[in-house]
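A.B. asks: These are the residues of each chain, in order.
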Amino acid sequence: MLLIRCPYCRADRPEIEFRHGGQAHVARPTDPSAVSDADWAAFLYFRDNPRGPIAERWRHTHGCGRFFNAVRHTVTDTILATYPAGEPMPDLTAMTRPEGGR
Amino acid sequence: MSVARTPDGGRIDRSQVLRFRFDDSNLTGHPGDTLASALLANGIHLAGRSFKYHRPRGILAAGAEEPNALVTISRGGGRVTPNLRATQVELYEGLVATSQNHWPSLRYDAGAINDALPDGLLSAGFYYKTFMAPAGAWAGLYEPLIRRAAGLGEAPTQPDPDHYAHRYAFCDVLVVGAGAAGLAAALAAARAGRRVILADEQAELGGGLLAETALVDGIAAADWVAQTVAELSAAGVTLLPRAQAFGVYLQNFVGLAERVTDHQMVPHPKAPRERLWKVRAGQVVLATGAIEQPLVFPDNDRPGIMLAGAARSYALRWGVRPGTRAVVLAACDSGHAAAIDLAQAGVSIVAIVDPRADGDGAGAAASRAAGLTVRGPAVITGTSGRLRVNAVTVAPLRPDGGTGPAETLACDLVLMAGGFVPAVHLFSQARGTLRFDAERALYVPGDPVPGIHTAGACNGAFGIAAALADGFTAGAAAAGTVAAEPAPAVTGEIVPRGSWRGALPHGRDPRRVKAFVDFQNDVTARDIGLAVQEGFRSIEHVKRYTTTGMATDQGKTSNMNGLAIAAAALGRPVPEVGLTTFRPPYTPVTFGTLAGPSRGPLFDPVRETPAHAWAQAQGAVFEDVGAWKRARAFPHAGEDLHAAAARECRAVRDAAGLFDASTLGKIEVCGPDAATFLERLYTNSWASLAPGRCRYGLMLSEAGFVMDDGVVGRLAPDRFHVTTTTGGAARVLAHMEDYLQTEFTDLTVWLTSTTEQWAVIAVQGPRARDVLAPLVAGTDLSEAAMPHMSVRTCHVAGVPARLFRVSFTGELGFEVNVPAGHGLAVWEALHAAGQAFGLTPYGTDAMHVLRAEKGYVIVGQETDGTVTPDDLGLGRMIGRGKADFVGRRSLSRPDMLRPDRKQLVGLLTEDPHALLQEGAQVTAQATPVRGTAALGHVTSSYASPTLDRSIALALVANGRARMGKTLYVPMPGGAQAVTVVAPVFLDPGGSRLHG
Amino acid sequence: MVEHPEASLAQTAATLAAVHKQTTVAHAHSACRWVLRCAAAVTPELAPALGCPLPMTINTATTASERAALMLGPDEWLLLAPEAEGAALDTAFAETLSGYPHSLVDVAHRQEALVLEGPRAELVLNAGVPLDLDITAFQVGTATRTLFDKAEIVLWRTGADSFRIETARSLLPYLRAMLAEVLTELSAE
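Protein chains in written order, with the working numbering: chain A, 1 to 102; chain B, 1 to 995; chain C, 1 to 189.
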């Protein structure tokens, strides 16, 4: 079970208090009617699946209830950073680190 | 006195005798014994039959690594645990153990015929090769046969009556293993003032120090242990004996399985059998020790052949002489240490056979000084004895690897000292990389893992002195300090030096010998060679093909030998061949421990509505809706569910019904932008909804599919009372919070779940107003004052209420919301008031029929996540003037506009009393050609008492264009012809809503 | 499981230093409850009506006489008061907050509370609560939403050895049964 730092509670809290919410920084178009079918489909269904750090939405469901973003390394499953929703995405390339283990 | 017990010594309480049973034998032992030590004390080595060949097997080890002596312990009353290692089972008065995998008995096992089968029949990958033809015979013939012949203990057949506990625990430093290194690490951390947990799988803390003749700090090793444990206890360290660390997970989350009562004769009836500790540690010190490896030589598996260190432990810790005449095969100096201590215990050491070219070191010198015979370099080339070893052949080992003339030595005990392998399992689980120490031919922890420290033998620091020093260093590092004082001095120890990896030369025809590598899965050296010969290169493939290391012991005594043999066959160095992955659990963990209290009534919360007790007293039949219990129907005496629901339906249509709708999700949406927020979350319009009115809302996912629906009432300009489906309550709130927090951050709105604040009682039917009116204060219920789809705050039965004029039956109806604590009283008041008007409580069965007669959909029944509003015929719910709401853009994607989308229709069977099956396919032909796609499926189907015929709702491709057409629904008894009709069977004009 | 019907919100707060021979769980008295959502800047306005300042540190509680405010989110407070004061406070809150954007929702009947007291309270809770409850990590006055096994709870440490646990009305039987199981298990030690 991961420990996840909630940026609102400012504490490391156990994973079971949280819900994963998919990739972060996928903004809903401000005017969906102006978006082409292809772009809308991409918005709805296409997500990154990198080997390495990815910014994800998490919600502290059984805690403060806030959505926030976390950078998680998909190989080591370690959470490298958490930050409030709305803040810019950190530089992921700087967060790639030795993967360790298998 | 048992036959093989030493006259004194050992950590057993000789003043007490414990009686126990092993198969048909009644035996005795002492407190402090394990089942294995007690068996050996009774002269019993034969403890089980092997997995494939059913060869007699004895006790090999003295700890968790035991591959052979697996037993079933029965405590009566369903308390049966198979596959326990006899080396870890503590003896108690009345213990009943049975050996496994034999028929008819341990001594005479018919399955042993497998050992005499033609060469290769059960060799590596046999199940891929031998039993292939004829096709189909595998499942019916071979598999059952193999499963019966090969296997472990039998799974218990009765429910486990024990209970199991869970506990989260937190500490600064968790030390795993309480041997020399672990005790030292715990001391260092405790002296630095840290919160420490010290866990060890054995009943007594001390590890190898409990079977040791060396002195620590000038006192007996065991006394040093006692002194240290006392200091730790005084320092507030949590001491956990009998606690196996079975898994290390991310961020130092460690699973410990503590055996709480298995060692007790009569456990406290309320005590848990085992407790799962979920430990979150700041730092972890792994002091898990090392595992002595067997040596691979022909017939190395007979009872009486065991690990040297284990034999030494049996002598020193348990006062057991595991034999009378021993031959020691010592590729490691631990063999010498064992020989010296066994000789001291009265075992005659026939010879110490050392295969090493450089074997003549400190160990050999100590043996000679003790007057023991050391031969070397030499090997054992074979053994004899059916149920117990009775002789070995020993041959000199020539420098070219060949063997010289063999000599037979009579003996009843053979000790194997193959060298130690660090128990790096937990370190590896913690994603630590391993480094191959070529000089000692073993893997040790490599690059450090943050927060994880290794100490002692598990770190490659062999010997007590080295382990203590390493432990102090690691403990101090874990505590964030440096060791303050030097480790205590150790005198008189023989440090385990040396090893032999892989098969020993034997000079015999390899096709005619079985030299075992993996005792538990019956894998021989030749099997591994065969796998390489057949083209397997990766050690992970060799493992799976030969099954070496795949048994319940996970190769604790076989992986390194298997790896060395594979490497030799491949002609590559060991580190290039790689290493198989260590995965949790280190030793098997019972399901009960993992499940903990989550079983029976505590498996999952059961949620009951405020009026549940009333319904129960009325004999209601309940169904599970999520975690909720909902009344399906209130059958009268002699009524079945169907008859009850039919009666309840008629009551609602003819008079009035009372329905518990408390499980509906409720969300209070408040704030200046509340209406705007709802505009964006629901398809229809909210800005125009006046306070005091309510509206049916349809909620879509962003992909455009219906995800929930419900009535929303506007209580004030900035306050809405939103309802959701029962199952959708949590999901809808999360969906709303998601958009509110992450997309529509421009809005000032707050959401509060009020599902459980309100008990909801629906009063439905032509007499609903008559029932309700006398109980209502503060509002006028008349059609003019309170029309359909309005909401009022008022008092009902003296309780503050939110009263909705809504209907999910098609009848005049109200839904009374009162604070949950008043729910039962208000229900009872309404029920009493309604008696004069024929008011009848109804359940979800009747509710389903009533709403289907009206064509009202249920999200999750008519919808499945691929259904749009238009598919349901609810296109009118899309706010015409709305530019955007969640899901809107998706509704114009090409696929959503396809003309052949499935649309909601009604189906009427040709035979009015034929009832379609929900989920049945709808087809164009009575007997469709194989491969023809169905047109859709039946979503709801009921016998309608009002219409005196069956009705069904279905999703059918282009269904609205098929009105009046005949389609078919294939059913088990033959296809039913159905007519497609509009999905409203009763009162399409809606006049009944007005009473 | 020992019933302890006298336990009330006020007494719970008052028993900070009480040394109990036994660890007990009891049903707390009925209470008024509101969920207040608003900007943090608005909360000082409410303090006079409530009788105590609202906490401004997330996951902490403030108390005054028999009332309490628990800050469970960055803009979320759970307000507790004795049942008899409900109507008066309702009015006072409404008056105070009018003019400020806010959400005040009565949840008195949404939740129920248990009071757990005694030297082994931490141990009992850690059977299902995944948080470090050591007094240094979870100090007196800490209050947070979390889980007890499968039930969401609000856990408030009212004293060194006393906790108030709020949970949804329908989850109370589950929570009580779980706590009873743990107390039974500990009684065997």
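Any given hint might turn out to be false.
Unchecked claim - Dumping the calculated DSSO-like pairs for lysine-lysine here, alpha-carbon to alpha-carbon at most 30 Å:
no.: 1; chain 1: B; residue 1: LYS854; chain 2: B; residue 2: LYS882
no.: 2; chain 1: C; residue 1: LYS150; chain 2: B; residue 2: LYS270
no.: 3; chain 1: B; residue 1: LYS278; chain 2: C; residue 2: LYS150
no.: 4; chain 1: C; residue 1: LYS150; chain 2: B; residue 2: LYS629
no.: 5; chain 1: B; residue 1: LYS854; chain 2: B; residue 2: LYS629
no.: 6; chain 1: B; residue 1: LYS514; chain 2: B; residue 2: LYS629
No lab work stands behind these hints, which were simulated from the structure alone.
A.B. asks: Confirm or reject each hint.
C.D. replies: Here is how each hint holds up against the structure:
Of the pairs offered as hints, the one joining LYS854 of chain B and LYS882 of chain B holds, with about 28 Å between alpha carbons and a cut-off of 30 Å not exceeded. For the hint pairing LYS150 of chain C with LYS270 of chain B, the CA-to-CA distance comes to about 22 Å; that is within 30 Å, so the pair holds. For the given pair, LYS278 of chain B sits about 16 Å from LYS150 of chain C by alpha-carbon distance, which is consistent with the 30 Å threshold. Distance hint between LYS150 of chain C and LYS629 of chain B is fulfilled; the C-alpha atoms sit about 17 Å from each other, no more than 30 Å.
Restraint check for LYS854 of chain B and LYS629 of chain B: the C-alpha separation of about 25 Å stays at or below 30 Å, so the hint holds. Restraint check for LYS514 of chain B and LYS629 of chain B: the C-alpha separation of about 62 Å exceeds 30 Å, so the hint is violated.
Figure legend: structure checked against the earlier numbered hints; the only hint not met is number 6.
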